[in-house]
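Taken in order, these protein sequences are the chains called H and C.
Residue numbering for the first sequence is 40 to 139, as defined by my numbering.
Residue numbering for the second sequence is 77 to 446, as defined by my numbering.
Worth flagging that the hints you see were computed from the coordinates, not collected in a lab.
Glycine included, each C-beta is placed from N, C-alpha and C at the ideal position.
Be careful, since some hints might not be right.
Unchecked claim - Straight-line Cα separation of at most 20 Å, SDA-like style, residue types lysine to any residue; simulated pairs:
(1) C:Lys-231 <-> H:Arg-109
(2) C:Lys-207 <-> C:Lys-78
(3) C:Lys-78 <-> H:Arg-106
(4) C:Lys-78 <-> H:Ala-54
As the list claims (entries may be wrong) - Pair ranges (Cβ atoms, derived):
(5) H:Gln-102 <-> C:Gln-124: 27 to 33 Å
(6) C:Pro-334 <-> H:Glu-98: 19 to 25 Å
(7) C:Ile-88 <-> H:Asp-97: 38 to 44 Å
(8) C:Pro-205 <-> H:Arg-58: 23 to 29 Å
(9) C:Thr-101 <-> H:Gln-68: 33 to 39 Å
(10) C:Lys-207 <-> H:Pro-77: 31 to 37 Å
(11) C:Ser-174 <-> H:Gln-102: 33 to 39 Å
(12) H:Gln-68 <-> C:Thr-344: 33 to 39 Å
(13) H:Arg-58 <-> C:Pro-128: 48 to 54 Å
(14) H:Gly-82 <-> C:Arg-84: 37 to 43 Å
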Amino acid sequence: MCLAVPGQIVDIFEAHGTRMAKLDFGGIQKQVCLAYLPDAVVGDYAIVHVGFAISRIDEASAQETLRQFRELGILEEELGEATPEQYAAPHGESCDVVAP
Amino acid sequence: MKYLAEFRDGDIAQKLAADIRAITTRPWAIMEVCGGQTHSILRNGIDQLLPPEVELIHGPGCPVCVTPLDMIDKALAIAALPGVIFTSFGDMLRVPGSEKDLFRVKSEGGDVRIVYSPLDAVQIARENPAKQVVFFGIGFETTAPANAMAVHLAKREGLGNFSMLVSHVLVPPAIDAIMSAPGNRVQAFLAAGHVCSVMGFWQYPPLATRHAVPIVITGFEPLDVLEGIRRTVQCLETADYRVDNAYARVVTFDGNAPAQALLAEVFTVTDRAWRGIGVIPASGWRLSDAYADYDAEHRFDVGAIRTVESALCRAGEVLQGSIKPSQCEAFGTQCTPRTPLGATMVSSEGACAAYFNYGRFHTLERATVG
Ligand code: SF4
């Protein structure tokens with residue numbers, strides 16, 4: 040649904056009986072639900088959508104994607120959390136790939 | 077925003093574009109189903125790298141844009157109720173309903189909150205037991221597993237104050253409907269990689285065969301889109317009507333099994349109206365009977381809804397690929413992201429917003445369709 044910034048799993052834990060993880064997206068860390076990647080381990084890369092890791096991705100592809108996004112100047116735009124004012128003006132909208 | 081061709085990857089992009097030019101012998105109309113891809117195409121100038129014979133048609137793959145007006149109006153009515161905290165992805169707040177949008181409801185005193193994940197809405201329900209917390213559950217197959225999990229957790233925890241207004245849509249029936257429509261011009265599809273990362277692509281081969289249409293699963297990064305187009309043109313030129321996976325590093329044939337299992341438990345396939353397009357049979361999900369208690373449409377009696385669409389807005393034609401946004405008379409004049417007449421100008425994945433944000437104000441001659 041949107042440009043997908045891959046994140047690397049840096050920590051796995053449980054919250055409210057659900058498997059969660061902390062992912063690092065090019066320097067910004069976010070909490071993500073890991074219920075749909077039950078075999079994922081720390082160090083794996085994943086594509087995340089609305090706070091859920093939905094697919095694993097190998098490290099080389101993840102690094103290549105991050106590099107490409109950084110070079111195109113998309114990374115910060117994608118990772119920035121939009122304020123309600125930004126939502127009022129879709130220009131520069133952040134994608135909802137990330138959970139706070 | 078600079079264009080892909082100006083960066084280091086510009087060399088690869090130019091090479092892919094040259095390959096596409098070399099194999100293209102006649103005009104082709106390719107639909108990118110997904111609004112995320114539309115934005116990637118326009119922001120990176122991919123459309124301008126292509127030979128004139130290759131036309132990209134923007135598809136209906138923006139969940140915000142296709143959420144039917146009566147659902148928006150129901151959301152507005154529920155959000156205005158006292159004792160309700162209405163939660164939604166941010167994109168939905170500016171989508172015009174018949175009379176107002178969720179931002180207006182918020183400014184009139186409604187407790188409307190933007191969340192980044194449906195789990196945040198569940199957390200708000202945990203923290204506010206005296207309030208009814210409603211989440212606006214929209215989206216394609218990519219978002220649905222997250223929403224399914226939210227309802228599942230609410231039920232497991234017995235959170236009686238959580239419910240969801242559900243308006244999920246499904247991609248394969250939409251592809252079927254587009255190919256079956258009279259006057260259809262689409263000859264091939266770039267399928268949305270992330271939808272397929274959840275669902276796999278086992279649903280696509282029968283569609284490709286039935287409609288003699290190549291379907292190429294494509295990612296969102298600019299080079300992925302170009303490679304997807306290259307493979308699509310290759311299939312078209314050789315009359316090879318198959319499903320090709322150009323996003324294999326993320327997508328498998330079977331998709332995400334745990335996600336599909338919970339989707340099957342929480343949701344049931346239903347006919348769904350798409351805004352601007354109409355009802356497509358079996359093209360959506362509603363909550364299954366086991367989760368009916370968590371359906372906001374059952375929990376709140378919002379009365380009879382009378383919907384009124386903007387007379388000027390041609391978003392339905394935009395969503396079906398029969399006109400480009402810049403062919404709409406209101407585009408960039410009465411209709412801008414600050415004064416939107418249609419959802420396609422509001423959404424971060426909307427085609428009208430993409431044309432506006434990335435400066436496609438002029439109708440290209442070759443883009444004239446009808
Ligand atoms: S430009 Fe505005 S009015 Fe025209 S189709 Fe798009 S959203 Fe509707």
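Is it true that H:Arg-58 and C:Pro-128 lie within 48 to 54 Å of each other by Cβ?
50 Å, holds
C:Gln-124 and H:Gln-102 - C-beta distance against the hinted 27 to 33 Å:
28 Å, holds
Is 33 to 39 Å right for how far apart the beta carbons of C:Ser-174 and H:Gln-102 are?
48 Å, violated
Should the hint that H:Gly-82 and C:Arg-84 are 37 to 43 Å apart at their CB atoms be regarded as holding?
28 Å, violated
For the pair supplied as a hint, C:Lys-231 and H:Arg-109, is the alpha-carbon distance within the 20 Å limit?
Distance of about 41 Å is beyond 20 Å: violated.
Is 33 to 39 Å a correct range for the gap between the Cβ atoms of C:Thr-101 and H:Gln-68?
Between C:Thr-101 and H:Gln-68, where Cβ atoms are some 50 Å apart, the hint is violated.
Would you say the C-beta atoms of C:Pro-334 and H:Glu-98 sit inside 19 to 25 Å of each other?
22 Å, holds
Does H:Ala-54 lie within 20 Å of C:Lys-78 when you go C-alpha to C-alpha?
42 Å, violated
With respect to the beta-carbon atoms only, verify the hint that C:Ile-88 and H:Asp-97 lie 38 to 44 Å apart.
Violated, at about 19 Å.
Is it true that the CA of C:Lys-207 sits at most 20 Å from the CA of C:Lys-78?
Violated, at about 47 Å.
Hint consistency between C:Lys-78 and H:Arg-106 [alpha-carbon to alpha-carbon, up to 20 Å]
16 Å, holds
Go ahead and decide if the range 23 to 29 Å is satisfied by the Cβ distance of C:Pro-205 to H:Arg-58.
25 Å, holds
In summary, the numbered hints that this structure violates are 1, 2, 4, 7, 9, 11, 14.
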